[in-house]
Amino acid sequence: MALTVWASSTANALRISCASKPHLPLAFSFSRCFSTVLDGLKYASSHEWVKHDGSVATIGITDHAQDHLGEVVFVELPEPGVPVSQGKGFGAVESVKATSDVNSPISGEVVEVNSKLTEAPGLINSSPYEEGWMIKVKPSSPSELESLMGSKEYTKFCEEEDASH
Amino acid sequence: MRGPVKLEVWKMGFVNYLDALKLQEKLVSDRKLCRIPDTLLSLQHPPTYTLGKRRTDHNLLIPASELKSIGAELHYTQRGGDITFHGPHQAILYPIISLREIGLGARNYVEKLESTMIELSSLYGVKACAGQKGETGVWVGERKIGAIGVRISHGITSHGLAFNIDPDLKYFKHIVPCGITDKEVTSLRRETSTVLPTEEVIHEQLISCFARLFGYNTVVWKENPSLSSDHEEIE
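Residue numbers (the UniProt record's numbering), protein chains in the order written: chain A, 1 to 165; chain B, 1 to 235.
A couple of the hints might just be wrong.
[What the hints assert, rightly or not] With a cut-off of at most 25 Å between alpha-carbon atoms, the simulated DSS-like pairs for lysine-lysine come out as follows:
1. B/LYS11 x B/LYS22
2. B/LYS53 x A/LYS88
3. B/LYS22 x B/LYS222
4. B/LYS133 x A/LYS116
5. A/LYS88 x B/LYS32
Derived from the structure by calculation, the hints contain no laboratory data.
Work out the full structure, taking the sequences as your base and the hints as a guide.
Right, dumping it as structure tokens:
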């Protein structure tokens with residue numbers, strides 16, 4: 001619980017620090033920092049996050065991803081025991097009549113899936129980093145985490161992606 | 001600011017559903033590897049019912065075994081959305097485009113597909129609008145004129161939209177279209193008093209609306225492309 005509070009206040013700090021950049025007009029920085037990015041997680045360029053906690057890694061999609069998807073109405077998850085590979089799909093979400101593949105940021109074996117998402121797929125929208133977690137994985141190559149983005153890098157990545165249209 | 005953006009349009013005429021699906025899978029893979037530009041398939045299908053990833057079979061109101069007797073096929077797909085019908089005189093667009101390159105998420109992409117059909121409808125004086133929450137698609141009042149079902153894999157789109165020019169609406173009676181009860185399906189023919197031009201013209205207008213809304217400044221047309229899509233042909 002304490003970790004969550006710390007992470008949230010860090011996210012707020014990130015938002016505030018974005019807004020105070022002198023070369024960005026306030027409205028621009030507000031919309032760019034609208035999505036929450038949590039410190040302490042690692043991020044893939046396909047907008048999944050991973051939290052490494054000892055021997056288990058928890059994976060989900062980011063606030064930026066859920067915002068761009070719209071309301072999630074269906075989640076397809078693998079069975080426990082199934083292997084996952086970095087960058088490859090492990091499941092899918094459906095929103096606004098679009099199914100979007102979800103890719104694993106790391107390789108390993110699925111040890112647990114969030115069965116709450118079957119009845120309440122909207123948890124991905126309302127709580128993408130907590131109750132909306134998707135799978136837990138036993139990582140096979142922990143060094144893969146080093147190839148992922150940290151929170152600052154991912155925040156910048158999102159800004160650049162959103163600016164490109 | 002985006003640089004010049006090219007769209008390659010394949011005018012395919014009448015295509016069997018599975019053939020189109022196989023072609024899309026190949027094109028998605030090619031697009032992911034940047035072997036081809038953003039590509040748009042424009043076509044029509046023979047009578048075909050399709051289900052999305054959620055496999056909502058309960059919305060098919062006749063036994064699957066009877067489909068052949070009404071001249072229709074049934075296919076299960078990985079797209080989003082519920083059950084729908086495709087058939088002659090319904091304009092289909094399957095964009096195979098990279099959403100990451102144009103910075104669109106699923107929601108914005110689908111909204112632009114809705115706008116494409118809304119704009120086309122307005123060319124004929126038909127006031128269409130996007131659905132309310134949970135009812136993605138294009139509506140004229142309470143009647144659905146256009147449907148959307150999309151798949152996004154590694155940021156590349158497949159499947160797309162279906163716009164009713166003048167399909168045989170009786171086929172829709174065998175399903176709960178898009179899983180929405182108590183709402184009718186309609187067509188451009190039904191909603192406008194304007195004399196419709198040939199379907200080829202309407203397809204081209206739909207493509208133009210798409211190209212404009214998505215910001216393509218170069219459109220390359222490919223007539224009668226082969227379903228087997230080898231690279232030499234694209235050059």
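### Query
Can you list which hints this structure breaks, lowest number first?
Those not satisfied: there are none.
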